[in-house]
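J.: Per the numbering used here, the sequence shown runs over residues -3 to 231.
If you are wondering where the hints come from, they were derived from the structure by calculation, not from laboratory data.
A hint or two may mislead.
[Said to hold, decoys possible] Each computed DSS-like pair below joins lysine-lysine, with the alpha-carbon atoms no more than 30 Å apart:
| no. | residue 1 | residue 2 |
| --- | --- | --- |
| 1 | 109 | 63 |
| 2 | 56 | 103 |
| 3 | 220 | 56 |
| 4 | 56 | 109 |
| 5 | 146 | 220 |
| 6 | 62 | 109 |
| 7 | 146 | 63 |
| 8 | 220 | 63 |
| 9 | 62 | 103 |
| 10 | 220 | 70 |
| 11 | 56 | 70 |
| 12 | 62 | 220 |
| 13 | 146 | 109 |
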Amino acid sequence: MKKRWGVLIVLFSLAGLVPAAMGRGPAPLPGPQNAQGSQVAPTSESVIGHDRMPEIPVEKMTDEQKKAAEHLLKGRGTPLFGPYIALLRSPDLMVRVQAMGDYLRFKPALPPKLRELAIIYTARVMTQQYEWGGHSANALQEGLSPEIVKAISEGRRPARMTDEEALVYDFCAELHRTYGVSDATYARAVSAFGEQGVVDLVSLHGYYTMIGMVLNVAHTPMPKGSVPLLRPFPQ
């Protein structure tokens, strides 16, 4: 994991995605913009302080927690990580969260590039460093341009997007700002992605908002050796 994040930092540096003079940097950037260029209400930076919900030693796990951890290992091929460390406090919920995440990550009715665009938009508006670190890399790997990822990281609406990329960005921005979308936006989305695609897009935004809130409330630390890649929005 440490090696993976080291590679990501180098990749983002080359793409211009790592803030200059990490920790100091220029003045905070404005929040994300909607389709009309108006700023979305900024959110506070996720607080990474004392880990409120650290890993539970195996010998202290309940039988239900052990089953949930084994379920994750079997399904994802990895031990507990990130949000699942906190979610293990509610093992039945964790299993269901994993199932929803498995669908949204690997089987949604949206192309992978658009899926990751929705995820990184959500991570950016929450300044969720853990989510951003992994999914911004996924977005690049799935074919989202470095310019789009950089613009989103800076809280800007990307200048150059395909029609589908612009639709996903504008849909997420409107959904975040108003908790719904207009008839015009809805019609465009259904025409492009179908009703299932629209439901999956809304669910991606909601699911990763929930995951980001879990990470923020638990003060889940970033992987060892990693650094924050996002600057906070102004308060």
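J.: Run the distance test for residue 56 versus residue 70: straight-line Cα separation, threshold 30 Å.
T.: Between residue 56 and residue 70 the Cα gap is close to 21 Å, so the pair holds against 30 Å.
J.: Check the hint pairing residue 220 with residue 70 against an upper bound of 30 Å on the C-alpha distance.
T.: holds (24 Å)
J.: Quick one, are residue 146 and residue 109 close enough, alpha carbons at most 30 Å?
T.: holds (15 Å)
J.: Holds or violated: are the alpha carbons of residue 220 and residue 63 at most 30 Å from each other?
T.: holds (26 Å)
J.: Is residue 62 close enough to residue 103, meaning Cα to Cα at most 30 Å?
T.: holds (27 Å)
J.: When you check the alpha-carbon spacing of residue 146 and residue 63, does it fall within 30 Å?
T.: Violated: residue 146 and residue 63 sit about 40 Å apart, past 30 Å.
J.: Hint check: residue 56 vs residue 103, CA-CA at most 30 Å. Holds or violated?
T.: Judged against 30 Å, a Cα distance of about 35 Å means the pair is violated.
J.: Below or equal to 30 Å on CA atoms is what counts here, so check residue 56 against residue 109.
T.: violated (40 Å)
J.: Is it true that the CA of residue 220 sits at most 30 Å from the CA of residue 56?
T.: Holds. Residue 220 to residue 56 sits at ~24 Å (cutoff 30 Å).
J.: Within a Cα-Cα threshold of 30 Å, do residue 146 and residue 220 meet the stated pairing?
T.: The hint holds at about 24 Å.
J.: Hey, residue 62 versus residue 109, does the alpha-carbon distance stay inside 30 Å?
T.: violated (35 Å)
J.: Given the hinted pair residue 62 and residue 220, is their alpha-carbon gap at most 30 Å?
T.: holds (24 Å)
Checked against the numbered hints above, the structure breaks hints 1, 2, 4, 6 and 7 and satisfies the rest.
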